[in-house]
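Asker: Sequence:
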Amino acid sequence: MTDTEEKTAPPRKRLFVTLMGVTCLIVVAVIFLAWWIPNRGLANIHPNLPHIVGIVMVVLSGVAILGTGLLVLTTALVKDIFFTRFMRLVVIKFLLPVIEFVGRLMGLNKDSIRQSFIAMNNSLVISQRQKVRPDRVLVLLPHCIQLFDCEIKVTGDIHKCVQCGRCDIKGLVDIGRKYHIDISVATGGTLARKVIVEKRPKLVLAVACERDLTSGIKDCYPLPVIGILNERPFGPCFNTVVDVSKIDDALSQVLLLDGSAEASS
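Its first residue numbered 1067, the sequence shown is counted upward by one per residue in the numbering used here.
It should be emphasised that the hints constitute simulated quantities derived from the structure, not laboratory data.
Glycine is no exception: its CB is placed at the ideal position from the N, C-alpha and C atoms.
Incorrect hints may appear among the rest.
[Claimed, not checked] Straight-line C-alpha distance at most 27 Å; calculated DSS-like pairs for lysine-lysine:
| hint | residue 1 | residue 2 |
| --- | --- | --- |
| 1 | Lys-1159 | Lys-1265 |
| 2 | Lys-1226 | Lys-1159 |
| 3 | Lys-1284 | Lys-1265 |
| 4 | Lys-1260 | Lys-1226 |
[Stated by the list, open to error] Derived Cβ-Cβ restraints for the label pairs, each shown as a range:
| hint | residue 1 | residue 2 | range |
| --- | --- | --- | --- |
| 5 | Lys-1244 | Lys-1159 | 33 to 43 Å |
| 6 | Arg-1259 | Val-1124 | 23 to 33 Å |
| 7 | Val-1124 | Lys-1197 | 20 to 30 Å |
| 8 | Val-1122 | Lys-1312 | 39 to 49 Å |
| 9 | Lys-1284 | Val-1088 | 29 to 39 Å |
| 10 | Ser-1318 | Pro-1288 | 58 to 68 Å |
| 11 | Leu-1132 | His-1209 | 37 to 47 Å |
| 12 | Arg-1195 | Ser-1311 | 33 to 43 Å |
| 13 | Ser-1281 | Ala-1095 | 38 to 48 Å |
| 14 | Phe-1098 | Gly-1173 | 46 to 56 Å |
| 15 | Phe-1098 | Lys-1236 | 49 to 59 Å |
| 16 | Arg-1195 | Gly-1231 | 31 to 41 Å |
| 17 | Gly-1231 | Gly-1173 | 12 to 22 Å |
Build out the structure end to end from the sequences listed, making use of the hints.
Answerer: What follows is the structure, given as structure tokens:
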């Protein structure tokens, strides 16, 4: 597949869950070896020390297995079972770097791992059943969603769009009016972070590629971020497109709609 034919496949949580299970097994194996190798030496210090250390290692292994099981159930059921917010922290800050490393050792494509991570993160965010007022939600778009040769640049104000329909900006403006939400277009990560600091949203829905979404989700934690992957029929960062219906569906699950917002839909 050439750059001009590049299209983002639908992200699946299964790959990230599988790698998470493999990582859990590796962690348990390392914990076991950390106890087994020095076991005889510990006995020379105190006869009960190997048993005490063994119990600690079993507890740590149990926590790793239990945490993995809870993550799998939470993402499978899309329901806040237990400590979902804390589990997002563990996945984003600790598991993701390890899982990316394990994936590279297994020869897996980095973008495939990131797609799966984004899908899992979305499930964890939605599973919290957090309803947010439209005025506290920010939709953040990359500038490459707009046609490269468009004379009217919407960076800074998406409502400058003349609604010609040649790119997806028209549909996104319609969504903004439908739900009365703030939509911003950013030219890069620095500007995106500046917009988030200024707007101070309670939830962000971001459209970007795998790399930018993954780094954005990590940088924004604990702020919940729902990631929607763009498609790149002409290669990266040039005339990209997004399935507007995915944005609409995601917003419908997290927005706290009043009568006027529902009526405008």
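Asker: Each hint: holds or not?
Answerer: To see whether the hints hold, each was checked on the structure:
1. A threshold of 27 Å between alpha carbons decides the hint, and for Lys-1159 with Lys-1265 the separation of about 24 Å falls inside it, so the pair holds.
2. Taking the CA atoms of Lys-1226 and Lys-1159, the gap is near 38 Å; set against the 27 Å cutoff, the hint is violated.
3. Of the pairs offered as hints, the one joining Lys-1284 and Lys-1265 holds, with about 19 Å between alpha carbons and a cut-off of 27 Å not exceeded.
4. Only pairs whose Cα atoms come within 27 Å are accepted, and Lys-1260 paired with Lys-1226 is accepted, the gap being roughly 21 Å.
5. For the hinted restraint 33 to 43 Å between Lys-1244 and Lys-1159, the CB-CB distance of approximately 35 Å keeps it satisfied.
6. For the pair Arg-1259 and Val-1124, the beta carbons lie near 43 Å from each other, so the given range of 23 to 33 Å is not met.
7. Against the hinted window of 20 to 30 Å, the Cβ-Cβ separation of Val-1124 and Lys-1197 comes to about 41 Å, which falls outside the hint.
8. Evaluation of the 39 to 49 Å hint for Val-1122 and Lys-1312 yields a pass: the beta carbon distance comes to about 45 Å.
9. Between Lys-1284 and Val-1088, the C-beta spacing of about 21 Å breaks the proposed range 29 to 39 Å.
10. Checked against the hint of 58 to 68 Å, the pair Ser-1318 and Pro-1288 fails, with Cβ atoms roughly 23 Å apart.
11. The hint said 37 to 47 Å for the Cβ distance between Leu-1132 and His-1209, and at roughly 44 Å that hint holds.
12. Between Arg-1195 and Ser-1311 the beta carbon distance is about 22 Å. The supplied range of 33 to 43 Å is therefore violated.
13. Checked against the given bound of 38 to 48 Å, the beta carbons of Ser-1281 and Ala-1095, roughly 30 Å apart, lie outside it.
14. One distance hint, 46 to 56 Å for the beta-carbon pair Phe-1098 and Gly-1173, is violated here, with the actual separation near 26 Å.
15. Between Phe-1098 and Lys-1236 the beta carbons are some 58 Å apart, a value that agrees with the proposed interval 49 to 59 Å.
16. For the pair Arg-1195 and Gly-1231, the beta carbons lie near 35 Å from each other, so the given range of 31 to 41 Å is met.
17. Remark: the range hint 12 to 22 Å for Gly-1231 to Gly-1173 is contradicted by a beta-carbon distance near 43 Å.
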